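Colleague: Put together the whole structure using the sequences plus the hints.
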Amino acid sequence: MKALIASPLLLACTTAFAAEPAIGQQAPAFEITDVSGKAVSLSQFKGKHVVLEWVNPECPFVQKHYNSANMQTTQKHASDKGVVWLTVQTSAQATPKDVAALSDWMNTRKAVTTATLVDSGGKLGRAYGARTTPHMYIIDPAGKLVYVGAIDSKPTSNPADIKGATNYVTQALDETLAGKPVSQPVTRPYGCSVKYGT
Amino acid sequence: MASLLRLLLLLLAVAAGPLHAQNALVKTEHVTAELLVHSPDGLAPGKDAWLGLRIRHIPHWHTYWKNPGDSGLATALAWTLPVGVEAGAVMWPTPSRLPLGPLMNYGYEGDLLLPVPLRVPAGFSGSSLPVRLHAEWLVCREVCIPESGEFTLEIPARAVVASADLFGKAFAAQPAVTDGMFTRARLDGGSLVVTVAGVPPALRGQAVQVFAEEPGVVETAPALRPVWSGGQVVLALPLLVNRTDSPASMHAVLRLGSEARGIRVAFDIPGPWPRIGAIPEPAAITATVTAASVGGAGRAAGAGWLLALALAFVGGAILNLMPCVFPVLSLKILSFARHGADRKRALAGGIAYTVGVVLSFVMLAGLLLALRGSGEQLGWGFQLQSPLFVSALAILFTLIGLNLAGLFEFGSILPSSVASVRARHPIADDFLSGVLAVAVASPCTAPFMGVALGAALTQPAPQALAVFAALGLGMAAPYLAASAFPALARLLPRPGGWMARFKTLMAFPMFATVVWLVWVLGLQIGVDGVAAMLGVLLATGFAAWLLGLPNRSQAGTLTRAVASVAVLAATASWAWPALHAAPPSPASTDAAAAEGRAPPQAASATHPANVHADWQPWSPETVETARRQGRPVFVDFTAAWCVTCQYNKRTTLANEAVIQDFNTRNVLLLRADWTRRDQRITRELNRLGRSGVPVYVLYPAPGAEPRILSELLSVAEVRESLKGVAVFAPVANNP
Numbered sequence: 007m008k009a010l011i012a013s014p015l016l017l018a019c020t021t022a023f024a025a026e027p028a029i030g031q032q033a034p035a036f037e038i039t040d041v042s043g044k045a046v047s048l049s050q051f052k053g054k055h056v057v058l059e060w061v062n063p064e065c066p067f068v069q070k071h072y073n074s075a076n077m078q079t080t081q082k083h084a085s086d087k088g089v090v091w092l093t094v095q096t097s098a099q100a101t102p103k104d105v106a107a108l109s110d111w112m113n114t115r116k117a118v119t120t121a122t123l124v125d126s127g128g129k130l131g132r133a134y135g136a137r138t139t140p141h142m143y144i145i146d147p148a149g150k151l152v153y154v155g156a157i158d159s160k161p162t163s164n165p166a167d168i169k170g171a172t173n174y175v176t177q178a179l180d181e182t183l184a185g186k187p188v189s190q191p192v193t194r195p196y197g198c199s200v201k202y203g204t
Numbered sequence: 004m005a006s007l008l009r010l011l012l013l014l015l016a017v018a019a020g021p022l023h024a025q026n027a028l029v030k031t032e033h034v035t036a037e038l039l040v041h042s043p044d045g046l047a048p049g050k051d052a053w054l055g056l057r058i059r060h061i062p063h064w065h066t067y068w069k070n071p072g073d074s075g076l077a078t079a080l081a082w083t084l085p086v087g088v089e090a091g092a093v094m095w096p097t098p099s100r101l102p103l104g105p106l107m108n109y110g111y112e113g114d115l116l117l118p119v120p121l122r123v124p125a126g127f128s129g130s131s132l133p134v135r136l137h138a139e140w141l142v143c144r145e146v147c148i149p150e151s152g153e154f155t156l157e158i159p160a161r162a163v164v165a166s167a168d169l170f171g172k173a174f175a176a177q178p179a180v181t182d183g184m185f186t187r188a189r190l191d192g193g194s195l196v197v198t199v200a201g202v203p204p205a206l207r208g209q210a211v212q213v214f215a216e217e218p219g220v221v222e223t224a225p226a227l228r229p230v231w232s233g234g235q236v237v238l239a240l241p242l243l244v245n246r247t248d249s250p251a252s253m254h255a256v257l258r259l260g261s262e263a264r265g266i267r268v269a270f271d272i273p274g275p276w277p278r279i280g281a282i283p284e285p286a287a288i289t290a291t292v293t294a295a296s297v298g299g300a301g302r303a304a305g306a307g308w309l310l311a312l313a314l315a316f317v318g319g320a321i322l323n324l325m326p327c328v329f330p331v332l333s334l335k336i337l338s339f340a341r342h343g344a345d346r347k348r349a350l351a352g353g354i355a356y357t358v359g360v361v362l363s364f365v366m367l368a369g370l371l372l373a374l375r376g377s378g379e380q381l382g383w384g385f386q387l388q389s390p391l392f393v394s395a396l397a398i399l400f401t402l403i404g405l406n407l408a409g410l411f412e413f414g415s416i417l418p419s420s421v422a423s424v425r426a427r428h429p430i431a432d433d434f435l436s437g438v439l440a441v442a443v444a445s446p447c448t449a450p451f452m453g454v455a456l457g458a459a460l461t462q463p464a465p466q467a468l469a470v471f472a473a474l475g476l477g478m479a480a481p482y483l484a485a486s487a488f489p490a491l492a493r494l495l496p497r498p499g500g501w502m503a504r505f506k507t508l509m510a511f512p513m514f515a516t517v518v519w520l521v522w523v524l525g526l527q528i529g530v531d532g533v534a535a536m537l538g539v540l541l542a543t544g545f546a547a548w549l550l551g552l553p554n555r556s557q558a559g560t561l562t563r564a565v566a567s568v569a570v571l572a573a574t575a576s577w578a579w580p581a582l583h584a585a586p587p588s589p590a591s592t593d594a595a596a597a598e599g600r601a602p603p604q605a606a607s608a609t610h611p612a613n614v615h616a617d618w619q620p621w622s623p624e625t626v627e628t629a630r631r632q633g634r635p636v637f638v639d640f641t642a643a644w645c646v647t648c649q650y651n652k653r654t655t656l657a658n659e660a661v662i663q664d665f666n667t668r669n670v671l672l673l674r675a676d677w678t679r680r681d682q683r684i685t686r687e688l689n690r691l692g693r694s695g696v697p698v699y700v701l702y703p704a705p706g707a708e709p710r711i712l713s714e715l716l717s718v719a720e721v722r723e724s725l726k727g728v729a730v731f732a733p734v735a736n737n738p
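Chains as they are written, first to last, in the numbering used here: chain A, 7 to 204; chain B, 4 to 738.
The hints are simulated quantities; they were obtained by calculation from the structure and are not laboratory data. The model shown is predicted, which means the values in this text are computed figures rather than measured ones. Quick reminder that beta carbons are idealized off the backbone N, C-alpha and C, glycines included. Please note: incorrect hints may appear among the correct ones.
[Said to hold, decoys possible] Reference excerpt, derived from the structure (chain A facing chain B, CB under 10 Å, subset only):
1) Lys-54
2) Glu-64
3) Thr-162
4) Arg-194
5) Ser-199
[Said to hold, decoys possible] To spell it out: a stretch of chain B is covered by chain A in this simulated footprint if at least three of its residues, at any positions, have a beta carbon under 8 Å from a beta carbon of chain A; those stretches are:
6) 70-83
7) 239-252
Modeller: Structure representation (structure tokens):
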């Protein structure tokens, strides 16, 4: 109900992302189709931790974390603890070919995700204020946003920098799963622009 | 032998060495990067010298400023220099805004030079200085490519001025620190309010672009409304919802107007910073929509689902009173008089009509949502933006009108199988009349409905469709109630001879609707299109009459069928090019022309000369410019096919007192014409929380929030809203 009331405000604000949720606030509800055409909604994961990851296979920053298996390791770590992982690709318009390509890419990279979501038109991205690929969000079992920002602490496209970087997502997940407050709930995301189109 | 070979290799290495050392140029797919030096006084302690990385981008590609904005990475330079030699921080030239959809980046296109000051230590006395640079840059267009380069350069100690011009330009593009300018800042709710005083006279009153040097604190692309008073400007920068920093001081580069060179300001920020998540919504248009809309309807955007449903229902009921639904309603009155006595038949008809109305609304809304989902910029009423749809409606109304006037009976021209189905299922007629009512009523955005539909279209599909279903229910409700309570139907006179006359009378509103549709068509495709359409209507009428003649013989029927098909086909093939013609040039269809601005003599005939309203075409830039000058602005979002808009235009907006109020305050009157599809207008409507026209927006004084007036505009409302608007006297800039 709350999400319903909030949603009409989406288009009414002057700034592009004025409706994006702040840390500690309710994460916007959504229902969206995944690469297999199945409907996925946030509400179906109520009671679980949910990670949202913005992806774009063509982005060098995404490739940095997938080709080094850093993202998959993070996903596996989350999945082992019963965390739901939703990977999202936002685009101005996703053709069936784009969707198939994304699905193939995720498969060949052996991504460990609950679902890969197709945000054609960018509604989901705008609702969350997603700016970069990757851009990471963690939602707690009560539906509140507990982490938003980068995958790790070294904003480069160089895979060599993964070693020695702090993985903010793993850190935040471990803390929130242990019932502790997240020590770094907001970090500055880095990467390519989310492709909303112009 | 082996030692000779080794010597040879060593010689080769030495020979290759200097070549390698002078590798100051790196060409990639997207940039040509070059390490340059500028030392007008040579390399010596205490003398100014600079290194610089020149990046020439291929067209449309860019690299980033020190704060890259919403995405991207700043270009990074890592120097390897002899002990004691120091390279300072990058002297970033004034950046540009690089928007990409809702995102904003700060950076550079074209030819860029990033200078770095170079200091040699006190005892320096070499004849040259070896410099190595590892540079990394992210170069982007829609896609981003991380690139890097290794540069080596042996700088001679003598003066080097070969790149003096390039360095000169880069220095001139450095944000200036202007003496006598004073900047202070405070936190106010969700904004960082920066006040800059002492702006030189030449730069006052301009638009302002703000580039915060520290990332992660304020929005990158705020809809900034600088408030100028003399040499002071107040800038309210919205804080990022999830900011990564709460600094005690910040720096920013301001670009005023079209100045290429920015001004650098620094300011302290007295705390306390608001906790993340505790920031109130920026007091943007959101609040205005809720506050300014009609009475109780106002809170629809915030009060959610049930209220939206209720508003849609009421709005639907009101639709029945709108002029565009009236002809269809008149048909229903006829059917009432006919079936008034038969309660069961009346109820079945009422239900069929309701189902027809509701289903049509839901399907239309579903189509709209699907098209919007696929990225089309559409709003409510979109179907009337298609000339072909308008043409089809005109043909349909002509046929209904001719039928009512008695030129022909549908029964005699429809194939017998269809006619018998109609006879056996009379309620199919009721269902179809419901569909027809929706087709015609949809553009009449009734009062209250603008808010409800704007809210509906932003909700998930099931909820949005439910709102449109409620709208349909509301529209069908009065008729359904009447069919369920025969007492109401009995109020009509007994069936009799008056019915034939009433039927003929009702042909006239039908034809009036055709006149209106042809006018709309004229604005969309011009006078040739109108002629083509009238030809098609004539042929349609002729064919209907021919086919409707009483049957005498099989051969006669066949001849008439062939003749009418031939006439229709010939006319259609003649008319098709004109109906499909490219729309007339924008100049002839802009707001002024489309809204039929009266020629001067006509204007003076109806109004005294001093109450002439000067409407100009709307554009976001025009609004921005006027507001910058402090001039109040009134915008009429309208369309030729929107009857409510036309009514308001000819009554309230043509009212002498209203025009006089506008003129005395020197309000800039702008018209945004949505007769044809226009993405910019659709986007602006979305921004205002609406999905259809009419919308009336008053931007009062600079800095004040725009006010949205009600859809059924009254003289009193406009005059009341203008009361608070100060009289704007333009500053005589050009004496």
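Colleague: Answer holds if the nearest beta-carbon of chain B is closer than 10 Å to that of Ser-199(A); otherwise answer violated.
Modeller: holds, 4 Å
Colleague: Between the stretch 70-83 of chain B and chain A, see if three or more residues pass the 8 Å beta-carbon test, and mark the coverage as holds or violated.
Modeller: holds (count 4)
Colleague: Once the shortest beta carbon distance from Thr-162(A) to chain B is found, is it less than 10 Å?
Modeller: holds, 7 Å
Colleague: Regarding the hint that Arg-194(A) lies at the interface with chain B, is the smallest CB-CB distance below 10 Å?
Modeller: Where the cut-off is 10 Å and the nearest Cβ of chain B is about 4 Å from Arg-194(A), the hint holds.
Colleague: Are there three or more residues in the stretch 239-252 of chain B whose C-beta lies within less than 8 Å of some C-beta in chain A?
Modeller: Since 5 is at least three, the answer is holds.
Colleague: Hey, does the Glu-64(A) contact hint survive, CB to chain B under 10 Å?
Modeller: holds, 6 Å
Colleague: Return the status of the interface hint for Lys-54(A): holds when the least beta-carbon distance to chain B is below 10 Å, violated otherwise.
Modeller: violated, 21 Å
Hint violations for this structure: number 1 only, all remaining hints satisfied.
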